[in-house]
Amino acid sequence: MSNPAIPLNDAPSQVRDLVVIGAGPAGMAAALAAKRRGLDVLLLDEQPKVGGQIYRSITETDAQRERILGADYVYGKSLAEQIRASGLAHWAGASVWQIDPDKTVHVLRNDRTTRIETKSLVIATGAMERPFPVPGWTLPGVMTAGAGQILLKNAAVVPQVPVVLAGCGPLLYLLAAQYLRAGVEIRAVLDTSAGTDWRLAISHATSLLAGWGYVRKGLGLLREIKSAGIPFFKDVGGLRIDGEDAVRQVSFSSAGRAQQIDCELVMLHQGVVPNTQVSWSLRAEHQWDDEQLCWVPVLDSWGQTSLPGIYIAGDGAGIGGALVAEMQGALAGIGVANSLGFGASEDGAQQRAQIAQHLRIRPFLNQQYRPKDEFRIPADDVVVCRCEEVTAGAIREQVQLGCVGPNQTKSFSRCGMGPCQGRQCGLTVTEIIAKEAKLPPQDVGYYRIRPPLKSLSLAQLAAGV
Amino acid sequence: MAGIASPASGSSDVLVIGGGLQGLSSAFQLAKAGLSVRLLEAEYCGRHASGVNAGGVRTLGRHVAEIPLALAAREQLWHGLADIIGSDGGFVPSGHLQVAESEADEIKAKARVAMLNGLGFFHEQWVDQQQVRELVPSISPHVVGGIWADRDGYALPYKVATAYRLAAEKLGVQIVEQAPVLRVDHQSGMWQASTAQGVFHAPWLVNTAGAWAADFAAQVGDTVPMVAGGLMLMVTQRVAPFVKPVLGAMGRPLSFKQFDNGTVVIGGGLRCEADASQRHAMVDLNRMPKSAQTVIDLFPHLRDVSIARAWTGIEGFMPDEIPVISPSARADNLVHAFGFSAHGFELSPITGCIVAELVTQGTSSLPISAFRVDRFATA
Ligand SMILES: Cc1cc2nc3c(=O)[nH]c(=O)nc-3n(C[C@H](O)[C@H](O)[C@H](O)COP(=O)(O)OP(=O)(O)OC[C@H]3O[C@@H](n4cnc5c(N)ncnc54)[C@H](O)[C@@H]3O)c2cc1C
Ligand SMILES: Cc1cc2nc3c(=O)[nH]c(=O)nc-3n(C[C@H](O)[C@H](O)[C@H](O)COP(=O)(O)OP(=O)(O)OC[C@H]3O[C@@H](n4cnc5c(N)ncnc54)[C@H](O)[C@@H]3O)c2cc1C
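These protein sequences, in sequence, are chains A and B. Just so you know, we're using UniProt numbering here: the first sequence kicks off at 1 and counts up by one. Just so you know, we're using UniProt numbering here: the second sequence kicks off at 1 and counts up by one.
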């Protein structure tokens, strides 16, 4: 007996020139560039407002939160304002759960699934935090710094208990500074980066001049943290989180000395990596980036993937930060306009030069915040796949039994087959297999990503036609 | 045909092309019969249909010609798998229930059971509304009855494939992976298979290349109207246990089961496009809403359960939906087993026995004339 109350779907009414997925800096800039050149653009994002990770909730924020979150955050207001003024079509609360090879985009919005046909696509779905598998990372009371920041941006919620921040990378220091301004008690910052001295590194790096702005900001954040008198542990190794059903304590070594800190809340972070689930699901070509230790899609000089008409801009194309994301978005928008015959075939040289200028700091940052091997390729007893509770040791055993890639770990142990579909464990699994099998990660490969890209209930699927 | 001989190449009594379940179980049974066997697999064993299917061990609803084979597989092999290959492959004798949702379904179901009884088969039974409720208490009240096969069940495909592989290797079968066979030749009583890893020779050849098998058959003149097609499945997040048997429906395509870990696998003849040359099939979720609807009609409490993943496998489909299990009609010392049309998992253990009999005795103890390779050939 079928349910008579199921409504029919909106039939795809038109073929768009461009659909942009993700309304962070990259997606907003791509949509604006294309719209200004006359294209019929649709901007999609699963969030209720434009902004992406960095400018999350930017259109809603008040003066106090602006002070806490800082000037880089407030910058996003102008982009959001341009989107509003441009009149381009923006669907909020629209999560893309599948893209077909012919570029048809499947969207879930208001509990209904819709198909959108388009001539071209810009994927601007950004980055995600790199998994940080250490003993105890799955205990209640452990969260990521990114999740902490999302609560602050979305809902102005901050921890009420003292927090230990552990890891490395700009976002960790940024969150520490934001928490300080918000009055959160930070019990300690555990810095897991290899321990290079900033000033020393800077004095040796000639390329730093170009990226001085980024370095100054980084130093400013560190100064803010240190001058607040928060215990700051350098060169942290052997990190583990202890507790039976919840966090009780962290133990680690700093500069060779064993340390223990009692706490209930730990936030972990060791940088962000491109979220490549969408591009893998499309079977676009990817390569392993040895410097950023992650997968990046193979792109041409406009940001076009190996699939004609499908572009990637922003952190999803390799980590470059918000300003680079914005420039890459504009470049992709122009590339799409050119390819569809809009406007005066621009060459994009100016945007490329700007991008190159901003990326000159990256080799330094990549080096400075390179997560240590022990925190990417964990010991045998550490859980790697949280959904199916598969340990690093189990994966190593599978390699000994002949498993040559992440897809086979699925068959062996259901690793990567839980609700997150390998988003959390994918990189770790690739690196463990690579090391164990003595192969380059490029040859080990990644999971075959299957739809749905976003959670979809049986009733929501049934409501589609 | 020139080939660069590598240390791996050489001769054996039998060459098997394809490391799916039909190939692995054939290799195992051939080795058990005392022959030396080498199996050539294009990618890795169990990579295609045999490793990704729904795992249904189902005799229920089979084409009449398949019933003797399906029952032999179930009774002689599935229920004793651990004793035969050293692993039960995750087999669970859960039973299989095909529900009737209307009076029309009921008439159809009862007619099928009567027809089977007339032929002397009693493995499918009509069960009424009350009995269905006892088997599956959580099922929607509109179900009027169903067909029940109590000794059917399900298993874990990749586990079964791996177990057959290990058992075959224990008996000395040599498995060469990453070795796509490019072509086969038959000269002076020897088969020769050319791969990038070398050329392999044997007096006997077994063609179990799944969705790609028809190409090898055509090469020797056994032309069959098989098409390669995609088949889809989806799996949900974990839910509290609510159904033990594997379920199907009379009136609409559906097959689903809940695994021990709580996830529910949903499928049932959901076809999609396949690109055999690229060796993959694309999920087409446009064809899935009906299955989702059927599931929530039968179990309304699953409405808000999320789909974790959808995936596909490639399979060979025959126009009459029964496989080819047959000696070649054109060439000597060649046996084909392919075209299982979406239900070859259950048959795979017995396929190996039949292939081994055909090689060692030239005939099979089970009736297989319906599966002749030349049944579609025009005179
Ligand atoms: C948790 C987190 C916090 C960060 N915070 C900061 C910060 O405070 N400051 C800073 O400089 N950098 C921050 N970064 C780094 C930062 O993301 C970028 O440099 C910048 O935001 C990249 O912009 P983008 O446009 O590439 O992607 P994003 O800004 O990440 O935008 C991607 C957008 O795509 C949407 N999306 C993704 N998948 C789908 C889908 N399937 N369907 C629909 N929509 C989808 C997301 O909702 C998101 O809005 C953060 C990164 C992360 C992961
Ligand atoms: C999604 C799905 C669900 C299914 N559900 C069920 C079910 O519940 N119950 C059931 O009974 N059946 C089911 N089936 C059917 C069952 O999986 C197949 O009938 C069976 O696995 C076929 O086995 P095979 O060995 O013929 O093919 P495959 O497993 O495809 O093996 C063929 C092998 O040959 C290899 N090969 C191909 N070309 C070459 C070459 N040139 N050289 C070397 N090797 C080559 C391939 O790489 C492959 O590994 C399902 C199938 C699918 C796809």
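Since the hints were made in silico from the structure, they are not lab data. Please note that a few of the clues may not be correct.
[Claimed, not checked] Each computed DSSO-like pair below joins lysine-lysine, with the alpha-carbon atoms no more than 30 Å apart:
| # | chain 1 | residue 1 | chain 2 | residue 2 |
| --- | --- | --- | --- | --- |
| 1 | B | LYS110 | B | LYS32 |
| 2 | B | LYS32 | B | LYS244 |
| 3 | A | LYS438 | B | LYS244 |
| 4 | B | LYS290 | A | LYS454 |
| 5 | A | LYS372 | A | LYS119 |
| 6 | A | LYS372 | A | LYS435 |
| 7 | A | LYS119 | B | LYS170 |
| 8 | A | LYS438 | B | LYS32 |
| 9 | A | LYS454 | B | LYS170 |
| 10 | B | LYS244 | A | LYS454 |
| 11 | A | LYS217 | A | LYS49 |
| 12 | A | LYS435 | B | LYS244 |
| 13 | A | LYS103 | B | LYS244 |
| 14 | A | LYS454 | A | LYS103 |
| 15 | A | LYS234 | A | LYS77 |
Would you mind confirming whether the straight-line C-alpha gap from LYS438/A to LYS32/B stays at or under 30 Å?
Roughly 36 Å separates the two Cα atoms, so the pair is violated.
Hint consistency between LYS32/B and LYS244/B [alpha-carbon to alpha-carbon, up to 30 Å]
violated, 35 Å
If you draw a straight line from the CA of LYS290/B to the CA of LYS454/A, is it 30 Å or shorter?
holds, 20 Å
Holds or violated: are the alpha carbons of LYS119/A and LYS170/B at most 30 Å from each other?
violated, 55 Å
When you check the alpha-carbon spacing of LYS454/A and LYS170/B, does it fall within 30 Å?
With a Cα-Cα distance of about 44 Å, the restraint between LYS454/A and LYS170/B is violated, given a limit of 30 Å.
CA of LYS244/B to CA of LYS454/A, is that 30 Å or under?
holds, 29 Å
Given the hint that LYS454/A pairs with LYS103/A, test it: the Cα-Cα distance must not exceed 30 Å.
holds, 17 Å
Given the hint that LYS435/A pairs with LYS244/B, does the C-alpha gap stay at or below 30 Å?
With Cα atoms ~42 Å apart, LYS435/A and LYS244/B exceed 30 Å; violated.
Check whether the Cα positions of LYS372/A and LYS119/A lie no farther apart than 30 Å.
violated, 43 Å
Given the hint that LYS110/B pairs with LYS32/B, test it: the Cα-Cα distance must not exceed 30 Å.
The hint is violated at about 42 Å.
Check whether the Cα positions of LYS438/A and LYS244/B lie no farther apart than 30 Å.
Between LYS438/A and LYS244/B the Cα gap is close to 44 Å, so the pair fails against 30 Å, i.e. violated.
Pair hint outcome, LYS103/A versus LYS244/B [Cα-Cα no greater than 30 Å]:
violated, 40 Å
Hint compliance for this structure: hints 1, 2, 3, 5, 7, 8, 9, 12, 13, 15 are broken, all remaining hints hold.
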